[in-house]
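Engineer: Taken in sequence, the protein lines are chains A and B. Numbering of the first sequence is given in the working numbering, commencing with residue 2 and proceeding in unit increments. Numbering of the second sequence is given in the working numbering, commencing with residue 5 and proceeding in unit increments.
Do not take every clue at face value.
List time: in silico SDA-like cross-link candidates among lysine to any residue, alpha-carbon distance up to 20 Å [said to hold, decoys possible]:
1. A:Lys322 to B:Arg83
2. A:Lys322 to B:Ala8
3. B:Lys9 to A:Gln90
4. A:Lys378 to A:Asn29
If you're looking for bench data, these hints aren't it; they were derived computationally from the structure.
Residue-level listing of the chains:
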Amino acid sequence: METEKPARRRETEDRRNEGIASGVEGFNERARRAVNDQQLHDSIELFTHKSVAGRNAVLNALPEAPELRERAYRIKQETMANLDRYLEQMADAVEARGGNVFFATDGEDAVRYIGDLAREKGAKVITKSKSMATEEIELNRRLEEDYSDLGLEIVETDLGEWIAQLAGDTPSHIVGPILHMNRKRITEVLSRTAGEELPPDVEALGSFARRRLREKFVTADIGITGANFGVAETGTVATITNEGNARLVTSVPPVHVVVMGIEKLVPRFTDLSVFVRLLARSGTGQKLTVYTNFITGPRGEGELDGAEEFHLILMDNGRSKLLGTEFEEALYCIRCGACLNVCPVYRQTGGHAYGSTYSGPIGAVITPLLKGQGEAKDLPHASSLCGACWEACPVGIPLHDLLLKLRNQQVEEGLAGKAQEIAFKGFESTMKRPVLYRISSRAGRLAQKPLKKDRPLPGPLGAWTGSRDLPPLAEKSFRELWKEGI
Amino acid sequence: MATAKETILWRIRHATRDVPEAESPEDVPVKRGYRTEDEATREEIVSRFAERTAEYEAEVHRVGHDELPRAIQQALKRRGVRRLVVPPYLPKDWIPDGVEAMRDAASPQLTKEELDESDGVLTGCALGIAQTGTIVLDAGRAQGRRALTLLPDYHLCVVREEQIVGLVPEAFARLEEMVKSEGRAVTFISGPSATSDIELNRVEGVHGPRTLEVLIVG
């Protein structure tokens, strides 16, 4: 018996205002706390280390991997240049199969559509398969609050996502939502739900989840999924999971709702062969994910399988703003999480420090772009610009370059902090005049003398040295050495 | 007032206005130079399929056409299956004596509870993919609806050798026509249902069958 409603609020801290609707200031403070959390650090280290090793092994075993990456980039580029046509084509294809299509300009639109549908159907239980798009619009919370009269029970069915839901927590990684929780914590959460002490044994915890979630699957009135990919020419939606939960969510309840970002399109059915391989190999180090599902509309005439009703929500929520800009490539992302796993900043701080649905390098890029630069000023600076993210990205998004462009835009729009502005402007004007550069680097060597020994920089520049040692400048510059014949 | 659809499409057209009006996507072809056909021999492809499927801890046996009913009987016996879920159009001689066949049909359908309480399911498949050790189901003959291969804890799958393709793109090419004309649901299954959400420890069968067994017939 379910005696306890899932705790929807985090016990220690109200994170509700950190969703897509509000700003995500405070990266530095959260990161500082995260860096000092040894348990968190160990969990992240384990996850990212194994993920990177697994990914490298399977990608090296596929001779055409570099070529697939290039293809994926080109296919996405072509898709974005013609996104209006492809969206209409997909909508037409789904409608021709008897499905419903709804265009949502933002999260509000999507929530209202689903809430109204739940009311119309008299739905009580909704099962969900893990979806970043629904996390982005805080679908669960908003349905529970805005449609509280319906008394909906919304159940996440991905094991990690379900545990996060029960703990009142948010996912900290695109692929491994609860990598920040250790077994002890997970056992506590599941024991509380079970109403009895469960052993801290993964098999036992898995069995409990199987039993409890099975009850929900068979009683669900509506199933909600995201879409890993949508195919314009056929109206097909791909949902990809290792557990098989998306397959249950889409085949058992009579109504299936898909919330898909408009950038998830690919033109042709055969394009999927490129993307499903890259996603599995980059995300989880598998040749293919265990259950790779393709659903084309509702159950057809005389067909045995599928939901009786199929609703596709094509959601913009800020994405179209990126089209045709220098940031368009950020829309190519297939949400594999590879850039998080290799990022030296993510590996120190974990996902929650970013304070947004999307963390890691891709989160640092798309959060300010979707929300507006003024709302997430810290994030473009949550990077060392080492470029590991770009190298890991299976569709070749130049993430480090986009981060730099975002920083530059902040300076141009007067959003940057004083320290960055001084640094950027100073660097720019000095680099333009070689004489000034020579003088300043000499002056710097003299000026650094009182600072060298672990002392922070004064004034607004102190933030820089708060987390780093100031590297000493060389006694002689390269230019000076070159002149002297090195 | 503009509909949301008009608003979104206008935003996109405005943003991509530098794309020439007369240009259609086909004018800018995307090169696809990756391998689309496996050059290995049939035997190599079939052995690779057997090998890769077994890597997922699935039990795999290769049997001749004549031996199939006996191989099915032995597999079910080993597993202790008494109540077997049977999809529509499963060949009659596949169902051994002494096993209770729970037949699913368009009507009446087995209930979710009946599926949940069965001992296993026996199906054919649409395709096998050697490159990834994948079984493809497309709700076609002898496969049934998706719930049949999800709710029971044991899945015994029969794959004919000629259904096995070498590479992932070959599978998509073979499925393309059916998806366009009939739009049936397709599932690629690569190993048993699994999660690694708890400290990256692998747990099998969180939702789908915990045990997958494959009989390759040829």
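Engineer: Taking the hints in turn, state whether each one holds.
Structural biologist: Each hint tested on the structure:
The straight-line distance between the Cα atoms of Lys322 of chain A and Arg83 of chain B is roughly 56 Å, outside the 20 Å bound, and the hint therefore fails. For the suggested pair Lys322 of chain A and Ala8 of chain B, the alpha carbons sit about 15 Å apart, so the restraint of at most 20 Å is met. About 13 Å separates the Cα atoms of Lys9 of chain B and Gln90 of chain A, which keeps this hinted pair within 20 Å; it holds. With a C-alpha separation of about 11 Å, the suggested pair Lys378 of chain A and Asn29 of chain A falls inside the 20 Å cut-off, and the hint holds.
This entry does not satisfy hint 1, going by the numbered hints stated previously; all others are met.
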